[in-house]
Structures are given as C-alpha cells and as structure tokens.
Amino acid sequence: MTRTTEFLAFFAAQILETIGMWRIFVKCGKRGWLSVIPLFRQYYLGVCAGRDGEGRMLALLEAGVDASIVSCIFFEVGSLQYMVASFFFLLVMIPYTIFRIRVCFGLCDAFGRNRFWVVPWIVFDWLCALIWGLIPSFKTAEGYPFDEEEVAPELSGLEVDLDAPGLSINITRRTAMSFLKRKVLLRDIHLNIPMGHMVLLLGGSGSGKTTFLNAVTGYEKAKAVITLGDSDVYKQYNSMKYDIGFVPQQDLVRGSDTVYRTLSDAARLRLPADYTIDKRRNRINDVLDTFGLTPVKSSLVDKLSGGQRKRLSIAMEYISDPTLFILDEPDSGLDGVMARSLFEKLRSIANTGKIVIVITHTPDRVADLFDDVIVVAKDAMRTGRLAYYGNTIDAYEFFGKRSMEEILMSVNRKEEGGEGRADDFVRKYSALKAGGMA
Amino acid sequence: MDTYVKHTGRVSQTFIYLGKLFRMFIFRNDWKALPMAAFISGLVSFVVGKKMNVSMEGTLRGAFAFSCICIWNGFFNSIQVICRERHIIKREHRSGLHMTSYVFAHMIYQAFLCSCQAAITITVMVLAKVKMPSMGYVTDPIVDMFFTMFLITYAADMIALFISSFVKTTTTAMTVVPFLLIFQLIFSGGFFSLTGNAYKLSYLTVSKWGLTSLCAQGEYNSLPMTSLWTSMSKMRSMEIEGQKPVDELLDYITASKRKDELMLECGSNNQDKRYESSAENVLKCWRNLGIFIALFAFLSVVMLEFIDYDRR
Chain A
1 MTRTTEFLAF FAAQILETIG MWRIFVKCGK RGWLSVIPLF RQYYLGVCAG
51 RDGEGRMLAL LEAGVDASIV SCIFFEVGSL QYMVASFFFL LVMIPYTIFR
101 IRVCFGLCDA FGRNRFWVVP WIVFDWLCAL IWGLIPSFKT AEGYPFDEEE
151 VAPELSGLEV DLDAPGLSIN ITRRTAMSFL KRKVLLRDIH LNIPMGHMVL
201 LLGGSGSGKT TFLNAVTGYE KAKAVITLGD SDVYKQYNSM KYDIGFVPQQ
251 DLVRGSDTVY RTLSDAARLR LPADYTIDKR RNRINDVLDT FGLTPVKSSL
301 VDKLSGGQRK RLSIAMEYIS DPTLFILDEP DSGLDGVMAR SLFEKLRSIA
351 NTGKIVIVIT HTPDRVADLF DDVIVVAKDA MRTGRLAYYG NTIDAYEFFG
401 KRSMEEILMS VNRKEEGGEG RADDFVRKYS ALKAGGMA
Chain B
1 MDTYVKHTGR VSQTFIYLGK LFRMFIFRND WKALPMAAFI SGLVSFVVGK
51 KMNVSMEGTL RGAFAFSCIC IWNGFFNSIQ VICRERHIIK REHRSGLHMT
101 SYVFAHMIYQ AFLCSCQAAI TITVMVLAKV KMPSMGYVTD PIVDMFFTMF
151 LITYAADMIA LFISSFVKTT TTAMTVVPFL LIFQLIFSGG FFSLTGNAYK
201 LSYLTVSKWG LTSLCAQGEY NSLPMTSLWT SMSKMRSMEI EGQKPVDELL
251 DYITASKRKD ELMLECGSNN QDKRYESSAE NVLKCWRNLG IFIALFAFLS
301 VVMLEFIDYD RR
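Line by line, the protein sequences give chains A and B.
Be aware that the first sequence starts at 1, since it is given in full-length UniProt numbering, and climbs by one per residue.
Be aware that the second sequence starts at 1, since it is given in full-length UniProt numbering, and climbs by one per residue.
Calculated directly from the structure, the hints in this document are not laboratory data.
If you're wondering where the values come from, they're calculated on a predicted model, not measured in any experiment.
Among the hints, a few may not be true.
As the list claims (entries may be wrong) - Cross-link-like lysine-lysine pairs, in silico, PhoX-like; alpha carbons within 20 Å at most:
no. : chain 1 : residue 1 : chain 2 : residue 2
1   : A       : Lys235    : A       : Lys221
2   : B       : Lys20     : A       : Lys297
3   : A       : Lys221    : B       : Lys90
4   : B       : Lys20     : A       : Lys303
5   : B       : Lys257    : B       : Lys273
6   : B       : Lys131    : B       : Lys51
7   : B       : Lys259    : B       : Lys273
8   : B       : Lys168    : B       : Lys90
9   : A       : Lys235    : B       : Lys234
10  : B       : Lys234    : B       : Lys259
11  : B       : Lys51     : B       : Lys32
12  : B       : Lys6      : A       : Lys279
Just chain A, with the same shape it has in the complex (with noise of 0.2 Å):
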C-alpha cells in the first residue's frame, strides 16, 4: 500500500467511524454531531458507556495514537523519527487498548449485549460502530441510563449578613473541573456561627464536608463570599491564612524532630516576625501544658503515642492562637476516654472566644460538648448541600431522630447503607429558614 492509500484508508475509517457514533450517542440521548470531533468522541463514548473516567482517558490515548499514526504517515520509513513516533504508537497502545476493552465492557452492558462484542470492536471498531449505531434492533437496556438521577432540591437563595459577627459563610457553589466536565461539589451553603461556638460537622462519605471546609478556610476557593469578623477571608487571604488553623486528619507531623522542636519551628513560621524570643518560648510552653506535652517535649515525635501524636498535630496549628478553629477527624484512632479529654480541650479554647470546627463519625460520644451542627449531605446530583444548620437539641428534633449517628443515617444514600432523605431535609431546612426568616 502506498503513502497516499493507507491514509485514504485511515480517513475513511474515521469517517465511518463517526458515522456510526452519531446514531449510537442519538441513541444513547447524547447530542449526535459530538461524534465529529474526534476526542469528544471518546469521551462521549465513555459517558454513553456509564464510564465516564475511562472515556475521559481514552479520549487523551487517542490523542496520542492519532497523533503517532499520522506521524508514521509522514515521515519516511527508517527514518530516526519514524522511528521515535513507531515506539510512541506501540507505548500508547497497549493503555489504549485496555482503556477501550473497559468502555466497550460499558457499552455492551448499556445496549444489553454479550461482551464477546468486546473483541469485534477492538479489531474493527468502525465497522461495530455501523452495526450498532445504524441497526435499529441496536437499542439501549432496558432502564438505560442505569443511573439516571431524581431532580435535586431546587436552590434556597438565604444569604446570610455577612456583616453579623463571627465565621459567615456564603457559597454559592464550589465546582471542580474534570477534563470535559464541570462538576459541582458544593452548592447553597449559608450559614453564620457565633464567636465562642463549637461546631459538629457531619455528613456521609463523600458527601463534601473536607471541600466545605477547604472553601472556608480559602485552601480551595468557591464562588463565596466568606467573612471572619470583619475581614474577608479570600479577599485578605495572606494575612487571614494565619488566624485560621487547620488540622488535617492525618498527623501531618515529622518523626525525627522532638516535640518541642516541631512547636518551635511551626511557631518561627507561624507568628509574627516581631515575637520576641522569650513570648515566643512562653506561647510554646503554654500550649504545650495547654495539649499535655509538656512530660514528652524531648522525645522524638516518632516515639509518641498515638493520642500525643495527634495533640501535637493540633498543638502545632493552635500555636498561631487561630481565630478559626478546624479540625478534621481528630479523635480518629483514639479510644473513647482520650477522645472525650481531647474534646473537652476543644470546648475550652471554644469558650476563649474561638470558633471550633470539627469533623468526627463518632459524634455520639462527645456530642453535649458541641453548641450546633451542620448537617452537610449529598443531594439527588451528588452535590453537598446544606441539611442542617443549627444547635444541636434541635437537631434531633428537625431530624426525628435521638442520635447524630441516626441523624447521619437519615441523610445518607441508600446504597450506603443509609435512610436516602438528604432531599427531603435540604428542602425542609431551606422551608424552616424562609419561614424564620420571613
């Protein structure tokens, strides 16, 4: 075959190939003439598969086999850089080729298909697309799209004052963008806490609670309007960074410094340059009694237990005296006993005038020490939403519920395990705040 066929050849593939696509992404609800351009087409194909992510990774594989297809195509055979686009083809094929096996696996399972299909359209994937996309008797499964969502709570629009004192938050929506995709992880969270409050957080498994937390504190920033007193927290990120701690849920602390090491350089890099030595060495000393490190500030943070593992970690961040207060999962590996005493510090710097943010799944156990909750949850498009905001006695009763653990079940999905009303209660919520606030 000459130059000129094999290219003639690969162009009429594609051509068919698109053909067909058309007809199979119309009969898949998806817009037809997407088939057109070539990594859409991918990617669409993915979607129409109910494998999004593959279908976005398949679409950068052909990238790259198009890509050294049309090079092979150009250069001269033997050459040094036939050579090169040969070896990039043989690389990017074999993903390729893996990543197609798993969205045909999709694709026959949407159109109720044996999967011995997978072979045909692996060989000839333009001829397949004919087939499937101009044979009428090729039509989707039954109950296609399998994960075909209920409408979402529709929007509450209740901004709250941003001049009120304390944390005022109001996100509009936090979204995140996935190569083709943009998808909304937050939507229509207003809520204002008080200074001195400690506050529960709660939410399922991936139902948003650490991005809520990340647009709040300005690490991921939303489409928000965030307040802490009087200052914004992104507009004034620089300096707001230092009056908000943030304690991850892994200690993010390292083993070969000793104890009263690490609180030293964390407070070198955290206070103010014009600390003095001496107030800088009295705040370390202070939070050091304050956590209960004080017998252990010469070991090294490798020989820590656990429970003094996880108080430095917290020490470290309260070594800025935050106005804002957040901690994500801090009892985590810590027994009952440890876990409340830990608490009870928490209520204490609460009750200076902080504001306390904390995220835990084992609520129960601590739940009187906290002044209100928020209930975030995952709604019919698996967006957070707000479910609750508000003391936590009322909670039980919004909720109907006698535990935040029920209360946590109430609003997860079903297939986890849970009641599936996070709808009902972002709409019945939102009902409560219209009506308070009319």
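Following the hints, position chain B against chain A.
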C-alpha cells in the same frame, strides 16, 4: 483593609528547614548514605582502580565507573526526600512556607552530603592505591578531582530532587530511578559509541560531563593504549605459511624494550579531542554541571509552587 503583619522571611525559613534536615541526618539515618558511598567506591576501586590514570582504556573505564557511583549516590540522596513528606509541605505551604526557602535549605544540606560523599570516595581511592592525576588544571590535582566528583554527585542529586518534587509517592520515585540511571549510562558517550542525534542527547547527561572532566584530569590523551598489544598477544600463535609473524614481532619489540613506546605511539594515534587535558575543558565541564544544578533546583521550586493543587 488588609492588616499587614510581617511573618518569618525566606532567610529565616531556610535556617528552620536546614535545622530540620540536619536533625534528619542524625535521627533518621540519612547518615547511612556516607558509609554506603565508601562501600561502593571501595568495590569500584577494587575492580577498575588499578588501571585508572595508567592506560587510556583503564582511565575511560575508571572515569565511567566513578561517574556512575557519583550519579548513584546523588540520585539516592534525594530521590525520596520531598515526595515522602509531600503532605507535610503542602500543609506548611498553606501556613506561609516559601518554596524557595525549602528548596534552598535542601540545596545546602545536599551540598554538604555530596561533598562528604565525594571526599569519602577520593579517600577510598587513595587508600586503594588508585593512581591519582599528577597535575591539577584549575587547582590542586586532588582538589580538582574532589570538585568534579562533588559536582557530578550534586548535579545528579538536583535531578533526583526535581523528580522527588513532582512525583506524589516514594514508590513512583523509586520506579523512575532505574530509567534515569539507564539514560545516564547509555548516553554518557564513554562506552557506547554515539553518533548523530544520539550523540547530541549525551549533552543532556551528567555522566558525559563528569566522565569528560575525569578523563581530562587523568590526562587521557597522554596515556598509552594497551588494547592493541593485548589483542596482538592473543594472536601470537597465529601461523602464516608455517611461520608465526605476530609472535616474532612481539618478541622483537619486547627484546628491544620498545613495548612502552609502541603503546604510547598507539595512544597518541587514538587521542580523543573531547578529553583534552586543559583548564578550559575542565572548567567547561564544571560549568555545564553547574547549569544542571541551577536548572533542576529552579524547576523543583516551580513544581512545588503548585503543591496546593494536589488532590487529596
């Protein structure tokens, strides 16, 4: 209004992290890199040391081997240092850490480690009676040698630091190392003859500049070439029309005590311009290794500035 409160600057932060790194050296067993360097250089000196700086072939082989152990040391000094504490750095970056300070602290610490390793390697060479260069082109011969080995180790170290700054896990980092090593070995231009584009690629390797500098300092072009004599010795028994001309020739050369002259003559006909023994050539190699160091340190800072975009 944004109330400006001054926090710790870049210089102070550099010292904070420098302290952390030296404590890691003591408490986290990073010091083990030093006896390891002694062990490897001992092995290499034992295998290739006797012929180094004695003959062309031995010098090339020795320079290649010592470049490789410097690269090996450099890679393993820092391939995991950043990625193993990536989450910690991300947290500290959000608390005001400047990445320039962090990388600069690493550069100072790694320079200390690399200089120790280079000094150890040279000490082991001396102890193993490896012939050292007789002439220093920039400074003293031993200092020149030390500086070359330090720069090779440090340049490899900075490449590994860069890799460590963009991979997310130590497993990935360790997977990348063999590929980097193979690239350095193949494209050093010392052992595999490279032509065309492949030769151009050798300019991008630390091993090429290290090897060149070591060969230049070892006066490669003034040394005898022994391979011809060795090959001819293997052909002594070859008979042509009932006679053994090669055997006779070698006997004659030996008897007339012209063996060394022959090997020197052979060497002078096989000189390699790349290994020219001059201060300019050595300095050029050092400059190029310096470019590697600066470039990869800069790239590490750039990569780390994006650490906040890491997904959970």
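Structure-based check of all given hints:
1. Lys235/A to Lys221/A: Cα-Cα ~11 Å, so holds.
2. Lys20/B to Lys297/A: 16 Å, holds
3. Lys221/A to Lys90/B: 16 Å, holds
4. Lys20/B to Lys303/A: Holds: Lys20/B and Lys303/A sit about 17 Å apart, inside 20 Å.
5. Lys257/B to Lys273/B: With Cα atoms ~30 Å apart, Lys257/B and Lys273/B exceed 20 Å; violated.
6. Lys131/B to Lys51/B: With a Cα-Cα distance of about 8 Å, the restraint between Lys131/B and Lys51/B holds, given a limit of 20 Å.
7. Lys259/B to Lys273/B: With Cα atoms ~25 Å apart, Lys259/B and Lys273/B exceed 20 Å; violated.
8. Lys168/B to Lys90/B: Status holds; Cα separation ~12 Å.
9. Lys235/A to Lys234/B: 81 Å, violated
10. Lys234/B to Lys259/B: With a Cα-Cα distance of about 16 Å, the restraint between Lys234/B and Lys259/B holds, given a limit of 20 Å.
11. Lys51/B to Lys32/B: 30 Å, violated
12. Lys6/B to Lys279/A: 16 Å, holds
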